[in-house]
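If you read the protein sequences in the order shown, they are chains S and Z. If you're matching positions, the first sequence starts at 2 in the working numbering and goes up one per residue. If you're matching positions, the second sequence starts at 1202 in the working numbering and goes up one per residue.
Mixed in with the good hints there might be a few duds.
[Unchecked claim] Some chain S residues near chain Z, calculated using beta-carbon distances under 10 Å:
| # | residue |
| --- | --- |
| 1 | ALA3 |
| 2 | SER8 |
| 3 | ARG10 |
| 4 | TYR34 |
| 5 | GLU45 |
| 6 | ASP57 |
| 7 | LEU92 |
| 8 | PHE106 |
| 9 | ARG112 |
| 10 | LEU113 |
| 11 | LEU116 |
Hints in this document: simulated from the structure, not taken from any laboratory. We treat Cβ as the ideally placed atom computed from N, Cα and C, and that holds for glycine.
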Amino acid sequence: EAEVAQSPRYKITEKSQAVAFWCDPISGHATLYWYRQILGQGPELLVQFQDESVVDDSQLPKDRFSAERLKGVDSTLKIQPAELGDSAMYLCASSLLPANTGELFFGEGSRLTVL
Amino acid sequence: TQLLEQSPQFLSIQEGENLTVYCNSSSVFSSLQWYRQEPGEGPVLLVTVVTGGEVKKLKRLTFQFGDARKDSSLHITAAQPGDTGLYLCAGGVSVEGKSTFGDGTTLTVKP
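With the sequences and hints as input, model every part of the structure.
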């Protein structure tokens, strides 16, 4: 069964360091999402791509976060510099259709701990 | 911004009991999804409901979408320890083209 691949599964870093997360969506899924989930809360959308274009990045803290999907397939989310409040699970999801009509398929997530 | 409120926030029951969890909003959604998430893992899709009043069954789980497409419920019959997890609802809005998640209900089923 096709899956969304994410790496690394776990990342521990010190504040002010740079961090990067990678995601490979299900083959053929044009829509890719990055969500952040703080413990005890639901996922919060950071950025949505349609192919290689950003559809929504209104909740992405652009002073320190960046995301790209250069060839419209895999994607990278970067944080520089990391802050203590960035500790969370970073989830990547893909969808065959935009989320208003289609279901999201999530990866296992990348757990970030900032010390 | 559309908000989805889920209740209860936490629920702890014994194996074999029935339970219902709720997902409510003041906004209309074009579709609504339910996901189950285990600790340290990503959410896994359980079901999508689209039509107001729609009822879907998945083994011991029954999902209902409100007539006005603003709310939904998940009923589990004869809960089992394997049902333990975080149950998340997510609503999609056609105009904005994205999903909003609730904060979930954490269910613990004790053997």
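Cross-check of the supplied hints:
The restraint placing ALA3(S) at the interface with chain Z is violated, with a minimum CB-CB distance near 13 Å, outside the 10 Å limit. Hint status for SER8(S) relative to chain Z: violated, with the closest Cβ pair at about 13 Å, above 10 Å. Nearest Cβ of chain Z to the Cβ of ARG10(S): about 9 Å, under the 10 Å cut. The hint holds. Hint status for TYR34(S) relative to chain Z: holds, with the closest Cβ pair at about 8 Å, below 10 Å.
This hint holds: GLU45(S) has a C-beta 7 Å from the nearest C-beta of chain Z, less than the 10 Å allowed. Annotation: interface hint on ASP57(S) holds; nearest CB of chain Z at approximately 6 Å, less than 10 Å. Satisfaction of the interface hint for LEU92(S) is found here, the shortest Cβ-Cβ separation to chain Z being roughly 5 Å, below the 10 Å cut-off. Given the 10 Å rule on beta carbons, the hint for PHE106(S) holds: about 7 Å separates it from the nearest Cβ of chain Z.
Below 10 Å, beta-carbon pairs count as interface contacts, and ARG112(S) has one with chain Z at about 7 Å; its hint therefore holds. Hint status for LEU113(S) relative to chain Z: violated, with the closest Cβ pair at about 13 Å, above 10 Å. Violation of the interface hint for LEU116(S) is found here, the shortest Cβ-Cβ separation to chain Z being roughly 19 Å, above the 10 Å cut-off.
Of the numbered hints given earlier, the model fails hints 1, 2, 10 and 11; all others are met.
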